[in-house]
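Chains as they are written, first to last, in our numbering: chain A, 7 to 109; chain B, 821 to 986.
Just so you know, these hints were derived from the structure itself, not from any lab. Built from N, CA and C at the ideal position, the CB exists for glycine as well. Hints may be right or wrong, so weigh each one.
Unchecked claim - Quick look at which bits of chain B chain A covers, simulated, 3 or more residues with Cβ under 8 Å: (1) 830-841; (2) 856-865.
Said to hold, decoys possible - If we take Cβ atoms under 7 Å as the criterion, some of the chain A residues that face chain B in the derived model are: (3) Val74; (4) Ala79; (5) Ala80; (6) Leu90; (7) Val92; (8) Leu99.
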Amino acid sequence: MTAHVPLSWYLMLSAVLFALGVAGFLFRRSVITVFMSIELMLNAVNLSFVAFSYQWRQTDGHIFTFFVMVVAAAEAAVGLAIILTVYRNRSTLQIDEVDSMRN
Amino acid sequence: MDAGLFFLFAAIALVCGINVVVQTHPIKSALSLVGVMGALAVLYLLLGAEFIAAVQVVVYAGAIMVLFVFVIMLLNADGETRVSRARLANWLGIPLLITLLGMISYLIQREIPYSPRVVFGAFGRGGPRDVGRLLFTEYLLPFEVTSVLILIAILGAVVLARKEIE
């Protein structure tokens, strides 16, 4: 019995991964890395969905995780197309240098 | 054995997650993110989500990350230039982040103080049969809406990535 981990530890791991994703989203300057931080946050939320699904013994959480994955795939396709377009027009990937809407 | 696997792969996920944020080169971040996703797939298996673990490896670590690596290679992205970020972010960034983490963990501890222990194999309804049955009966409408979403995403990606007409 001692060799089993409480469910809240999974949720804590999910929280830590989410906070790491937030940190990457806020602190990094490369567009692609910011985008990957969003994927990290989505993964953390998926882990908590699956953990709650285990707690309530229902498969519904898995369905939500499935939909999050589908939306993440669509988002990755569109987002990377946007990054390609930005790079073609401005030939930079740094967020700070894409500021034509600032003033 | 459950605890050992959890600690091993949670540690891998944490180290790779920190690596995603810390590394300055995008390709190293991407490979670390693949590590996070693989470790999370093992944790899904421990939680009884067999189908989701397989989809995690195939779709996330396979398809999406290949797309990322492809774009990084295509654009020949190099490390980011060090810029002086805002002073507010320098001083308040890390403390606010720790505050966020503390609030989330406080909520977890308050809402579920006696969480059940995770026993491998105790939840056996995460296979493709159960997920598919639920997906095609109760969640049929969201499933169909998702197909429309993917169609829109394909159209958007094609429109965005085509050669610009001068």
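Evaluation of the provided hints:
1. For the region 830-841 of chain B, the assignment as covered by chain A holds, since 7 residues bring a beta-carbon within under 8 Å of that chain's beta-carbons and 3 suffice.
2. Given as covered by chain A, the region 856-865 of chain B passes the check, having 5 residues with a CB less than 8 Å from a CB of that chain where 3 are the minimum.
3. The criterion of a C-beta within 7 Å of any C-beta in chain B is not met by A:Val74, whose closest approach is roughly 10 Å, and the hint is violated.
4. Interface hint at A:Ala79: satisfied, since its Cβ lies 6 Å from the closest Cβ of chain B, which is below the 7 Å cut-off.
5. With a least beta-carbon distance of about 4 Å to chain B, the hint placing A:Ala80 at the interface is held under the 7 Å criterion.
6. A hinted interface residue such as A:Leu90 counts as satisfied when its beta carbon comes closer than 7 Å to some beta carbon of chain B; here the least separation is about 5 Å, so the hint holds.
7. The beta carbon of A:Val92 is not positioned within 7 Å of any beta carbon in chain B (closest approach about 10 Å), and the interface hint is therefore violated.
8. Because the beta carbon of A:Leu99 sits about 5 Å from the nearest beta carbon in chain B, less than 7 Å, this interface hint is met.
Comparing the model with each earlier hint shows violations of hints 3 and 7; every other hint is respected.
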